[in-house]
Amino acid sequence: MPFWPDNIEAWFCYAEADFHEHGVIDTRAQFLAVVKALPRELNRYVTLCMFTSDVSEPYEILKRSILKRGDLTDRQRLDQLFNNIDLQHGSATDMLQRMREVIGLRTFDEGLFKQLFLFKLPQQVQAVLVSFQNNALDELAASADRILEITKSSTTEVFSDKEKPQTTQNDITYLCHTLTHLKETHNLEDLSPVEIDIVMTTKSRLPEFDRSDPELWFAQLEHY
Numbered sequence: 001m002p003f004w005p006d007n008i009e010a011w012f013c014y015a016e017a018d019f020h021e022h023g024v025i026d027t028r029a030q031f032l033a034v035v036k037a038l039p040r041e042l043n044r045y046v047t048l049c050m051f052t053s054d055v056s057e058p059y060e061i062l063k064r065s066i067l068k069r070g071d072l073t074d075r076q077r078l079d080q081l082f083n084n085i086d087l088q089h090g091s092a093t094d095m096l097q098r099m100r101e102v103i104g105l106r107t108f109d110e111g112l113f114k115q116l117f118l119f120k121l122p123q124q125v126q127a128v129l130v131s132f133q134n135n136a137l138d139e140l141a142a143s144a145d146r147i148l149e150i151t152k153s154s155t156t157e158v159f160s161d162k163e164k165p166q167t168t169q170n171d172i173t174y175l176c177h178t179l180t181h182l183k184e185t186h187n188l189e190d191l192s193p194v195e196i197d198i199v200m201t202t203k204s205r206l207p208e209f210d211r212s213d214p215e216l217w218f219a220q221l222e223h224y
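Count the sequence shown with UniProt numbering and you get residues 1 to 224, in order.
Please note that a few of the clues may not be correct.
Straight-line distance between alpha carbons at most 30 Å, and here's what the computed DSS-like set of lysine-lysine pairs gives [what the hints assert, rightly or not]:
1. K63 x K36
2. K152 x K120
3. K152 x K114
4. K68 x K120
5. K114 x K68
6. K68 x K36
Restraint-style ranges between C-beta atoms, simulated for each label pair [unchecked claim]:
7. D109 x D86: 17 to 23 Å
8. K152 x S53: 15 to 21 Å
9. T73 x P39: 26 to 32 Å
10. T52 x N134: 49 to 55 Å
If you are wondering where the hints come from, they were derived from the structure by calculation, not from laboratory data. Where a beta carbon is used, it is the ideal one built from N, C-alpha and C, also for glycine.
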């Protein structure tokens, strides 16, 4: 009796029809059949007290506990599923693959999934990719890997307050050209490593990136 994670209510209807067909009327036998069929992420709804004789309707109790989960929003469900997934020392592409494996056959809004994927990336990577959320997820993951590779390979320099370089007009002009290119192509793969490096290093000395309104930030940048 394979579990249907994308439609739990329908699965319980199917399970009860199966119980009726095979004459399984004992609530404890029904309970044990459900426990055996549950996927790992739903095991937390099974408690030790359900196995004791003090609980007369373990199947109904377990069923109600699991169906209450239906009150969660898609965002909350995905947050639970992705709770233990992060970038760590791997690549964004690997992280995306792990997220897809956890979802399995479940269906969720693609935009929400993409939002949660971007949220798990470092902030400096999010700042570059946020304007390109219309790109396919695999493209975003590949672009994130490229940015991460460049930032890791860049030599870190420590400046004192007097030594810290000031943003020059040439920096601003070049960054504007680079971002214009980025906005026109919507594809980080079209940028050279130098262009991406300029975006990543120069933006730290510019007005704070407004993730909710990238167009406004770009306009502010051009008048900086």
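Hint-by-hint comparison with the structure:
1. For a cut-off of 30 Å, the pair hint linking K63 to K36 stands: about 13 Å separates their Cα positions.
2. The straight-line distance between the Cα atoms of K152 and K120 is roughly 18 Å, inside the 30 Å bound, and the hint therefore holds.
3. Only pairs whose Cα atoms come within 30 Å are accepted, and K152 paired with K114 is accepted, the gap being roughly 24 Å.
4. Straight-line distance between C-alpha atoms of K68 and K120 comes to about 28 Å, which keeps the hinted pair within the 30 Å bound.
5. Among the hinted pairs, K114 with K68 is consistent with the structure: their alpha-carbon atoms are about 26 Å apart, no more than 30 Å.
6. Taking the CA atoms of K68 and K36, the gap is near 20 Å; set against the 30 Å cutoff, the hint holds.
7. The hinted range of 17 to 23 Å is satisfied by D109 and D86, whose Cβ atoms lie roughly 22 Å apart.
8. Our hint of 15 to 21 Å for K152 and S53 is violated, since their Cβ atoms are close to 59 Å apart.
9. The given range of 26 to 32 Å is broken by T73 and P39, whose C-beta atoms sit roughly 20 Å from each other.
10. Here the CB-CB span from T52 to N134 is close to 54 Å, well matched to the stated 49 to 55 Å.
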